[in-house]
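Peer 1: Sequence:
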Amino acid sequence: MATLVVKLGSSIVADDSGEVRADVLASVSDAVSARHEAGDDVVVVTSGAIARGMALMGLPMRPTGMEELQAASAVGQGKLYRTYDELLQARGVRSAQVLLTFFDMSARSHYLNARHTLQTLLRWRVVPVINENDTTTTDEISFGDNDFLAAQVAILLGADLLVLLTDTGGLYSADPRRDPEARLVPEVAEVGELEGYEIGLSTSPLGSGGMRSKVVAAEMATAAGIPVTIASGVDPQEMSRALAGEPSGTRFQPQQGRVSSFKLWLRYAKPTHGRLLVDEGAERALRERGTSLLPVGVVGVEGEFEAGDAVEIRCDGRAVGKGIVNYSAVELQRIKGLKTEAVRGVMPRATEEAVHRDYFVLD
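Numbers in the numbering used here are just positions in the sequence shown, counted from 1, shifted up by 13.
Hint data in this document are derived by calculation from the structure and do not stem from the laboratory.
Treat each hint with caution, since some may be false.
Stated by the list, open to error - Think about it this way: if two alpha-carbon atoms lie no more than 35 Å apart in a straight line, the pair counts; the simulated DSBU-like pairs of lysine-lysine are:
1) K349 / K283
2) K352 / K283
3) K92 / K283
4) K349 / K276
5) K352 / K276
Construct the complete structure from the given sequences, taking the supplied hints into account.
Peer 2: So this is what it looks like as structure tokens:
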């Protein structure tokens with residue numbers, strides 16, 4: 014039995030006018046029910062709520078104002094899920110609507126609650142249909158047309174495969190709609206192999222992701238040891254092959270150096286609230302010895318943050334990494350550059366580390 018996360022972008026959920034592509038969703042439901050019947054756990058992550066709301070309200074183009082985006086999502090969200098529910102129910106599969114926000118992924122307690130909810134649904138043999146809760150957060154672009162959300166869901170569930178369905182056959186060396194010489198990339202062993210490829214943003218009037226956000230999502234998931242397939246969502250056979258784990262589209266192989274789910278959450282999900290500038294000695298200690306960052310190595314503090322917030326760490330303009338800080342910005346301004354004994358003279362109950370190595374990830 015495997016756990017699969019399947020993500021559908023706006024471009025395959027709805028056409029350019031915002032009408033649901035019923036044939037595509039029917040094919041997806043066929044493939045999902047087939048894997049479900051085979052004993053696999055399947056999670057669907059979908060975009061398209063804003064597009065659906067636009068069509069229902071007769072809006073000629075995607076709104077730019079936040080309140081209009083949220084209103085369009087509110088109109089389309091329930092109708093879109095109802096389509097999935099009816100299609101899956103007709104195939105003997107129970108489903109549940111799950112709405113997540115960026116905060117659910119960025120706050121550790123919410124992250125764990127989301128995991129427990131999804132695990133319970135899967136234990137009940139229910140297919141979760143997940144979308145970002147656009148009506149209470151930012152619009153879909155905050156998750157890159159939900160590619161980022163799908164990767165986060167795959168990581169928190171420890172999925173065996175993440176499938177990103179798109180309106181192209183996979184990742185190409187250039188945009189196949191503009192370059193006849195573009196070739197399909199069947200396999201990516203290391204994300205660094207993609208340097209020099211023309212990986213663009215969304216060209217759809219309804220979406221906000223594009224291939225670039227899918228590659229970032231693949232990098233996130235493969236760093237957690239999860240293989241990723243980018244495949245066609247409009248070709249039923251290719252889609253079925255992708256969900257079955259067979260060769261289809263572009264396969265991103267898991268990375269050798271595994272990263273813990275906590276550090277992936279820290280790197281990709283927890284937002285930064287400020288910046289610590291460190292000296293070269295601190296940078297070497299962080300990069301080469303994997304030590305914690307002490308106040309003595311901090312030469313500058315930028316932004317406003319509290320203890321427990323994530324901060325970016327830089328040295329001479331170079332990004333070093335990201336970590337959860339043990340002090341507020343005001344406190345660090347007082348103790349930066351001081352050795353531990355001097356820090357305790359200013360703050361008797363101070364912790365030794367400004368950022369502990371267990372709560373730090375290199376850039």
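Peer 1: So, for every hint listed, does it hold in this structure?
Peer 2: Checked hints:
A hinted pair counts as satisfied when its Cα atoms are at most 35 Å apart, and K349 with K283 qualifies at roughly 24 Å. Taking the CA atoms of K352 and K283, the gap is about 29 Å. The hint holds against a cut of 35 Å. Distance hint between K92 and K283 is fulfilled; the C-alpha atoms sit about 31 Å from each other, no more than 35 Å. For the proposed pair K349 and K276, the alpha carbon gap of about 25 Å is at most 35 Å, so the pair holds.
Proposed proximity of K352 and K276 is supported: the alpha carbons are some 28 Å apart, at most 35 Å.
Checked against the numbered hints above, the structure breaks none of them.
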